[in-house]
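Q: Sequence:
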Amino acid sequence: MELKFDDRGLIPAIVQDHYTKQVLTLAYMNAETLALTIAEGRTVFWSRSRGEVWRKGETSGNLQRVVSITADCDGDALVVEVVKSGPACHTGAESCFFNPVYLSEELRPFSLEGLYRLIEGRRTDPQPGSYTSYLFEKGKEKILKKVGEEATEVIIAGEKEDKAETVYEIADLAYHVLVLMANAGITVEDITRELEQRHVIDHKVKQERMQ
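When you line the sequence shown up against full-length UniProt numbering, it's residues 1 to 211, in that order.
Honestly, the hints are just simulated from the structure, not real lab data.
Where hints are given, some of them may not hold.
What the hints assert, rightly or not - Pair by pair, the computed Cβ-Cβ distance ranges are:
1) F5 / S111: 30 to 36 angstroms
2) F5 / T152: 57 to 63 angstroms
3) P12 / V67: 15 to 21 angstroms
4) L115 / K160: 24 to 30 angstroms
Yeah, the Cβ is synthetic: ideal placement off N, Cα and C, and Gly gets one too.
From just these sequences and the hints, can you work out the full model?
A: In structure tokens form, the structure reads like this:
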């Protein structure tokens with residue numbers, strides 16, 4: 001379709017993770033960088049602050065391989081789905097969108113990706129009184145200790161066959177594992193990819209070898 005660029009020759013491009021559907025960043029393209037993006041198969045933007053072509057990951061190595069580009073109904077905005085090889089944000093966060101402005105307690109949908117983003121936000125922007133920020137402040141040893149403690153609690157609850165307690169302890173473990181992941185630069189997408197590659201349900205080769 002015919003695209004509509006603004007009076008500066010730019011069109012906003014919303015970059016979205018192909019696997020998790022997480023919004024990674026908002027950047028701008030002109031006709032040249034859009035053509036370069038399609039030709040090179042990676043995101044290429046126009047830097048408004050520097051006034052030049054900006055190939056994402058050219059210096060950081062955090063490339064974004066393009067899966068698809070879709071225009072909205074008016075042709076004046078784009079959604080670019082990508083497979084990324086590193087954080088999208090210059091702060092080191094996986095997404096540029098990690099600062100909550102408003103969250104509805106009634107309608108807020110829950111997801112592991114959303115919780116991970118919140119945890120990541122507490123790492124990059126520590127908050128006074130936040131337990132998550134406290135864990136990051138204490139560092140890897142503290143985080144690993146908590147993961148070990150929570151794993152033990154899961155085992156104890158499972159042994160008692162107490163479903164409610166087991167669910168509670170698994171939730172605690174999942175949270176602390178996400179904190180460990182954020183501290184180590186491991187994303188929910190990384191784990192999803194690994195599970196996809198393993199086909200865990202049908203191919204437990206590694207587990208069988210370990211027995």
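Q: Does each hint fit the structure? Answer for all of them.
A: Each hint tested on the structure:
1. Look at F5 against S111: about 34 angstroms separates their beta carbons, and that is inside 30 to 36 angstroms.
2. Between F5 and T152 the Cβ separation comes to about 58 angstroms, which falls inside the hinted range of 57 to 63 angstroms.
3. A C-beta distance of roughly 19 angstroms is found between P12 and V67, which places it inside the suggested range of 15 to 21 angstroms.
4. Here the CB-CB span from L115 to K160 is close to 27 angstroms, well matched to the stated 24 to 30 angstroms.
The structure meets every hint from the earlier list without exception.
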